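Peer 1: Based on these hints, arrange chains B, C and D on the given structure of chain A.
Number of protein chains: 4
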Amino acid sequence: MIIVVRPGATEEQVNEILEQLEMHGLTAHISEGTERLIIGVIGDKSRLSADSLEVLPAVEKLVPIMESYKLASKAFRPEGTSFDIKNVTLGGKELVIMAGPCAVESEEQVESVAAKLRACGAKFLRGGAYKPRSSPYAFQGLEKEGLQILRRVADRHDLLVTSEITSENDIEYAADYLDMIQIGARNAQNFRLLSAVGKSGIPVLLKRGIAETIDEWLGSAEYIMSEGNYKIALCERGIRTFETATRSTLDISAVPVLKGKTHLPVIVDPSHAAGKAQYVAPLSLAAIAAGADGLIIEVHPNPKAALSDAAQQLTPEAFKTLTDEIRAMSVILGRTYPE
Amino acid sequence: MIIVVRPGATEEQVNEILEQLEMHGLTAHISEGTERLIIGVIGDKSRLSADSLEVLPAVEKLVPIMESYKLASKAFRPEGTSFDIKNVTLGGKELVIMAGPCAVESEEQVESVAAKLRACGAKFLRGGAYKPRSSPYAFQGLEKEGLQILRRVADRHDLLVTSEITSENDIEYAADYLDMIQIGARNAQNFRLLSAVGKSGIPVLLKRGIAETIDEWLGSAEYIMSEGNYKIALCERGIRTFETATRSTLDISAVPVLKGKTHLPVIVDPSHAAGKAQYVAPLSLAAIAAGADGLIIEVHPNPKAALSDAAQQLTPEAFKTLTDEIRAMSVILGRTYPE
Amino acid sequence: MIIVVRPGATEEQVNEILEQLEMHGLTAHISEGTERLIIGVIGDKSRLSADSLEVLPAVEKLVPIMESYKLASKAFRPEGTSFDIKNVTLGGKELVIMAGPCAVESEEQVESVAAKLRACGAKFLRGGAYKPRSSPYAFQGLEKEGLQILRRVADRHDLLVTSEITSENDIEYAADYLDMIQIGARNAQNFRLLSAVGKSGIPVLLKRGIAETIDEWLGSAEYIMSEGNYKIALCERGIRTFETATRSTLDISAVPVLKGKTHLPVIVDPSHAAGKAQYVAPLSLAAIAAGADGLIIEVHPNPKAALSDAAQQLTPEAFKTLTDEIRAMSVILGRTYPE
Amino acid sequence: MIIVVRPGATEEQVNEILEQLEMHGLTAHISEGTERLIIGVIGDKSRLSADSLEVLPAVEKLVPIMESYKLASKAFRPEGTSFDIKNVTLGGKELVIMAGPCAVESEEQVESVAAKLRACGAKFLRGGAYKPRSSPYAFQGLEKEGLQILRRVADRHDLLVTSEITSENDIEYAADYLDMIQIGARNAQNFRLLSAVGKSGIPVLLKRGIAETIDEWLGSAEYIMSEGNYKIALCERGIRTFETATRSTLDISAVPVLKGKTHLPVIVDPSHAAGKAQYVAPLSLAAIAAGADGLIIEVHPNPKAALSDAAQQLTPEAFKTLTDEIRAMSVILGRTYPE
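Chains as they are written, first to last, in numbering that gives the first Met the number 0: chain A, 0 to 338; chain B, 0 to 338; chain C, 0 to 338; chain D, 0 to 338.
Next comes chain A alone, as it looks inside the complex:
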């Protein structure tokens, strides 16, 4: 950390800073510039709150040098992380697609689309069982029954299961049905849930909060990793901006930025970002072109009859066309995609 001293600070005020540092076992390295006095702080800063320095009258500003996450940082595993869930590798050369309806509505609904997803190369079946909806009067999901449906259908079609969990109280139960837990955007900084998921050891698809910076997002990953669970994939799903033409603004730059800052695999969710089916294919191709390790896409056997987010779900036919394009593109990018 670097401390920029306010011009005009008295010697006594500067000493106050130095005492604070000494009190916490830190070394000060003073450097006099043309217009400002700068103090470099050396040592383990984890026990000193930046705020208790910021409040001192001589402090103009504090400049952090290190990120606040360690396990999630690129430096921790410069070669990148890839991990297996059963027979599927996340973060490897092969692109991984997760697909399925927005919400699980019935076993028939999920069954009717599963074989088609598998045939297009999807490796994960997705579907909402616990649906966080902004109105308490909207369809809230089939809950436990939804997870059971996903598991049964997935097992019949050699697919893995991923679905969102919204409470620490559901994790134990969920472990019986899920191969990968999704943490949704609204719970991206629900640290109690993150810690609980970390303790569970179940692989996690960690969505970005709607207004979470990339550094905060990696801080959320660190919560899970600090409990010993390193099987995390990060999922970019759009951020909130002033633009309303799409539901969220897909931050496509997050893909290369994450590739530089962390070793964790990166998945993109074009369906929630766009909010409209017609934008899902171009955004999916863009995500792969930008370097994503996979996609999570909403596909519904009959979007017009869907109970939630119909507008953003692809038909199985549109999904087939898209995966064919992804397969062709993977070659150019040095990746592979299942035949």
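In short, the hints are calculated from the structure, not lab data. Careful: at least some of the hints might be erroneous.
A pair counts as met if it fits within one copy or between any two copies, since identical chains are not told apart.
What the hints assert, rightly or not - Keeping only pairs whose Cα atoms sit at most 27 Å apart, straight-line, the calculated DSSO-like set for lysine-lysine is:
#1 Lys303 - Lys60
#2 Lys303 - Lys73
#3 Lys275 - Lys73
#4 Lys260 - Lys115
Computed from a prediction, not measured in an experiment: that's the story for all the values here.
Peer 2: Below, chains B, C and D without anything else, positioned relative to chain A:
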């Protein structure tokens, strides 16, 4: 809801819309404009997902006419809500101030500031026991012990207690110590927690999510109210924008906007919005001038030694000066503030 | 336009609305819903300000049905626009790349990179002559001399020239040197400049304002088109959001959104959006994959010695690698790119 | 400036940094931390572009220590600036209110409201003559005739005149009619216009750009000041965020932030920020409470008949009530307001 039909839609495609409406027991009211066909939808729309219309090829856009919340809307109680917690009224003529340290650090710390807060007219003692921190390595709060400290100190000084709860599992326990539960910005759309707080019947201070629109915020309030708990005050604490000079951007306009949209009392938190003590007083006065029913302010006996967010905490002396100005201002605005 | 009437409005207040409409030669189409009275407005609304309705006490809200632009809308030319500048077609099957240094520094500098750009398939030479810099003390560009350098170098290498103009007073002069005028993000709503560029008839590369919605951007295009100049390409260059990991947030979704809303060609500028050279290649590929008609990329013979925005400029070698990938990808997407 | 060296950088790469610094006459001050090497840069950095360092492989990040503006900084005039325009002082103890219709529509319209404004203590008459509108088909203002009307009416009522200028070509003409030039939000970074206004020497009301940070805004002020014109007041008028309940989000914190960063007077425009008349009074009081030196408010003799932005204009009666409250509040805040 109003449906704008895409120019060039075929009669068959328009009929598809009409069939969807009929299937859900809704009446269509067709109106032909110069350049667009418009369909007004009449009836109970709660069982028809907007998305299952949006996906139809003839639909250009859907325009909602009604808000998705009812109990939280101004129309539900046009005269406004005021409610009592013990001997304190929220939403009445008297301005209510909640004050205390950012984090509860020890009984001595809280005790040393409580009498001063009370003497300045504060009615609630606040202090973080469960601290949601963006790094897992930062101080996470004293948890249960923190709540017990707050209760003991508050009882000695005729203060009420408000503190944040971050998990549905802590509510039962919390009820023994708290007069008002805070839901923090990061849990503003943790719907499981909102429902649980709703069922508890304990009064709630509902902070706005960092990227929550005012309508979504009222949707969060609706979650609590739909469980029968109407004792809610809304707390504006700043939103995330591109500006970094303050930690968040205090949305001062939210105060008059809420006064028009809802009957619930409005509290402002200038400390978290600003992130710096020097901005707390001007923002507090601005909030009162804009029509807020109260404030929640961080005051620490010795900000320099604070374990978290030192930079944004007022000294007891600065708090005294501020409350004197608030008292003077309350007269001009037709409000009162305790002597 | 649709008028939603406030619940509880008196008959007299509703009549006030109807009179306003009649006074402006508009027809009202009244429709009574379960909870709201709705008035559809039919006729030419261009002479009635929405505001003079919004101010009436019976008006709860106004819902515009039509966009405020006409010439820029997809409906005006559903088949899409492609136009020629000399021997180059914008908006056709072939992808068009514009490349060159951020700022024109000297004839040697531009000359040393031009042949390489041409060999990689670039059709336009770009380079800043008038540099809008946020500090008055930063390098402001070579101005007129910069344009002359661009022209001379481009002519030697069979390239076209595009560069930014920042004042209506420079247009006449610029016409002698430029094949396409760039309007920069900071002047995206400088309507005087837009009108002047429209009158000039010179093709325009219209960058999106840093906080301009897509609809406002098309409104800016409409300013130019309403003067009779239809040779416009829209350039997405990133928007301002809360995320600071990249200089701006590239709104990749804008590409498919624009393809649905307008007939104008779409170009993407990954260099300004990213602000860092290492992100330019992945974002370029993403833009092409999303359906862009071309790119504008910063390439500098020696980025380390550049006078402005060195960090975001590619080396000629990196540009060669990128264009080879773009060529390969164009085939999959049904586009072409020069050998 | 401080350079953080990437971990793992070779000695050769670090030397490359040191050579760049030496080449530009700068001194390096090296400091070895526990986990990073830090280089402090001492000397006049104005000739070295940060970018030409950022591009070097050994540079992890650059941390600016100084702001890029000097004349606009608080340090330049710690005591604050107040300046006179005729008999009115901006930035003094007395609060200054500028008021008038959004757009000048006719001499009768302006005349009918001017005496009332003066009687309520307003010192400036405002009104749009050149109206930047997002659609080319909307009313664009009376232009020169509008300025003449403002001048004649103001002179009859002992008022000063302020109005927006949108092109450097109108400044010479404007000087005959205006006491203070407004630079609008859309031209906040039109640096050619800023320089021209700086050269003119006419006092300037510089509005904040809709997505301009406070530091960029002070950079815009620096453009004007660097031409020798120090008579600038800054006008906060709302920024663009995700919230759509108000037209812009009034950044009330900008008032105390500016008071800490600059010596220039601060004016607030609640009318454009809110976009609705009903929010103007609470936001005006909030602005004064937060420490603003004045307000610019839209008042129209008959808002229902206004040609532009009717919804946000106060009636003369509402303006009278508001200024009475401002007068009462000024006493508490140690300010004055004309009887």
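Peer 1: Tell me the numbers of any earlier hints that the structure contravenes, in ascending order.
Peer 2: 4
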